[in-house]
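The listed protein sequences derive, respectively, from chains A and B. Following the numbering used here, the numbering of the first sequence begins with 931 at its first residue and continues without gaps. Following the numbering used here, the numbering of the second sequence begins with 507 at its first residue and continues without gaps.
These are calculated hints, taken from the structure and not from any lab test. Note that this is a predicted model, so its numbers are computed, not measured. In this text, a Cβ means the ideal position worked out from N, Cα and C, and glycines have one as well. Heads up, some of the hints might be wrong.
[What the hints assert, rightly or not] List of simulated lysine-lysine pairs, DSS-like, C-alpha gap at most 27 Å:
1. A:Lys-970 to B:Lys-610
2. B:Lys-713 to A:Lys-970
3. B:Lys-618 to A:Lys-970
4. B:Lys-628 to A:Lys-1009
5. A:Lys-961 to A:Lys-1066
6. A:Lys-1140 to A:Lys-988
7. B:Lys-713 to A:Lys-1140
[Stated by the list, open to error] Sample of chain B residues lacking proximity to chain A, with all beta carbon distances greater than 12 Å (derived):
8. His-551
9. Arg-563
10. Phe-642
11. Gly-645
12. Asp-646
13. Arg-651
14. Gly-667
15. Leu-669
16. Gly-688
17. Ser-697
18. Lys-713
19. Ala-729
[Unchecked claim] What follows is a list of derived Cβ distance ranges for each label pair:
20. B:Ala-729 to A:Leu-958: 40 to 48 Å
21. A:Ala-1006 to B:Ile-653: 28 to 36 Å
22. A:Asp-983 to B:Met-507: 19 to 27 Å
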Amino acid sequence: MSKDHDHSQGHDHDHGHDHTEPPSDIALRVKALESLLVEKGLVDPAALEVLIDTYEHKVGPRNGARVVAKAWSDPAFKKWLFEDATAAIASLDYTGRQGEHMEVVENTGQTHNLVVCTLCSCYPWPVLGLPPVWYKAAPYRSRAVSDPRGVLEEFGTSLPGDTEIRVWDSTSEMRYLVLPARPEGTDGWSEEQLAALVTRNSMIGVELAKSPEDGKAS
Amino acid sequence: MNGAHDLGGMHGFGPIDPEAEDNEPIFHAEWERRAFAITLAAGSHGRWNIDMSRHARERQDPADYLRHSYYENWIAGLETLLVESGLVSEAELASGKPEGVAPKDVRAQAIKAERVAATLAKGAPTTMNIEVEAKFNTGDRVRVRNINPTGHTRAPRYARGNLGTIQEDHGVHIFADKNAHGTKEGQRLYSVRFEASDLWGEGARNKCAVYIDLWDDHLEPAA
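Working from the sequences, and respecting the hints, build out all of it.
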């Protein structure tokens, strides 16, 4: 069984199939629906390819990492992020769908932020791309609000007991990006070097940014 | 609606079991790519808005919603929206055979490849440039109304009846609960802070708070 199938299916699906077996019911159903929409002239096949290519290859968490690295390096940009995140992020050309109204929340020694969407899968696409499977799935969505410390521990993130944890449930079109704390030992680093320490998970808030040692190892 | 999508605070779903960030693919099967793309492309006809899309997914039988994978829920929602909007008939959906091409003016609405980048970059802001008086001010104590509508709502069950504090006024946004049913109404949207101990009682771990975005109609003075 491939790991891919494991994570693309519901948690209690039968996983007993592999690539040598016929396409799944859902694969056939989607294929039939796509054909119907194309034949009726309701979708343009070339547009489908552009949509897929955009989110598979162009828009992703390296965008967010650039925002974070710039905020770590440029106090004026950081100030702008807190005053008007949508405009500050747009200055780097990250705009639009699922990022129309951005808010940046900062991790400090006293506060740690964590983002979830308990009702669906709201996520800041222009800066992080499409959400990972776990972000959209029931275990995270159910427990992030009721047991955030337990959730963080599942990601290997252990915080001091006196750090306040703020969970942001994305129930409107406001989209939240976590600004992780800048790792120690990065004085004088360039924005490019800093961006390499910024993981997707650190911008959702389930992990911290990489340390310089971890950054070298990866 | 009190559906299976409203997951905050539920138990029993097991570990999060995340894939490693460095080698998680964006899509896990070819059909997921197609499901994603046809959903976005079909939306270009403007027959439904984002809240209608969410409501179409959450209107499924709760057992189906929970059993389905993410993009299976997207497809279930898309089929519902296509039929309800009249873009596709029940018979066409069942047979997979078109009864004819769509009218020319409808086909003209389908997004073209060369328009995709600009359309995505523009997005669909939900702020409304109208005057709506704020019912609440930053720092006000509020209670989430005990509402249980059978239609769409963005007030999660776990927050209802609980006390919180207005943290920020985000201005006037389209009210999602009505937008899902075709009425575009502007209301003030607030970030409201809830202490974990108020939401979850004695079992809550120390020093945790939840921030939820809620509109005027979701809130009443704590009084």
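Given the hint that Lys-713 of chain B pairs with Lys-970 of chain A, test it: the Cα-Cα distance must not exceed 27 Å. violated, 55 Å
Could you let me know if the closest chain A CB is still more than 12 Å away from the CB of Ala-729 of chain B? holds, 24 Å
Is Arg-651 of chain B truly not at the interface, in the sense that its beta carbon sits beyond 12 Å from all beta carbons of chain A? holds, 14 Å
For the pair we were handed, Lys-1140 of chain A and Lys-988 of chain A, check the Cα-Cα distance against 27 Å. Satisfied, since the Cα-Cα distance of roughly 23 Å is no more than 27 Å.
Holds or violated: Lys-961 of chain A with Lys-1066 of chain A, Cα cutoff 27 Å? With a Cα-Cα distance of about 23 Å, the restraint between Lys-961 of chain A and Lys-1066 of chain A holds, given a limit of 27 Å.
Verdict on Phe-642 of chain B as a residue remote from chain A, using beta-carbon distances over 12 Å: Answer for Phe-642 of chain B: holds, closest chain A Cβ roughly 15 Å.
Take a quick look at Ser-697 of chain B and tell me if its Cβ sits farther than 12 Å from every Cβ on chain A, holds or violated. Label violated. Min Cβ-Cβ 7 Å, cutoff 12 Å.
Range hint compliance [Cβ, Asp-983 of chain A to Met-507 of chain B, 19 to 27 Å]: violated, 36 Å
Please verify whether Lys-628 of chain B and Lys-1009 of chain A have alpha carbons no more than 27 Å apart. Within the cut-off at roughly 24 Å; holds.
If you draw a straight line from the CA of Lys-970 of chain A to the CA of Lys-610 of chain B, is it 27 Å or shorter? holds, 10 Å
If I take the minimum Cβ distance from Lys-713 of chain B to any residue of chain A, is it greater than 12 Å? The assertion about Lys-713 of chain B is violated, with a minimum of 5 Å to chain A.
Just double-check Leu-669 of chain B for me: nearest Cβ-Cβ distance to chain A has to come out over 12 Å. holds, 16 Å
Of the numbered hints listed earlier, those contradicted by the structure are 2, 8, 9, 17, 18, 20, 21 and 22.
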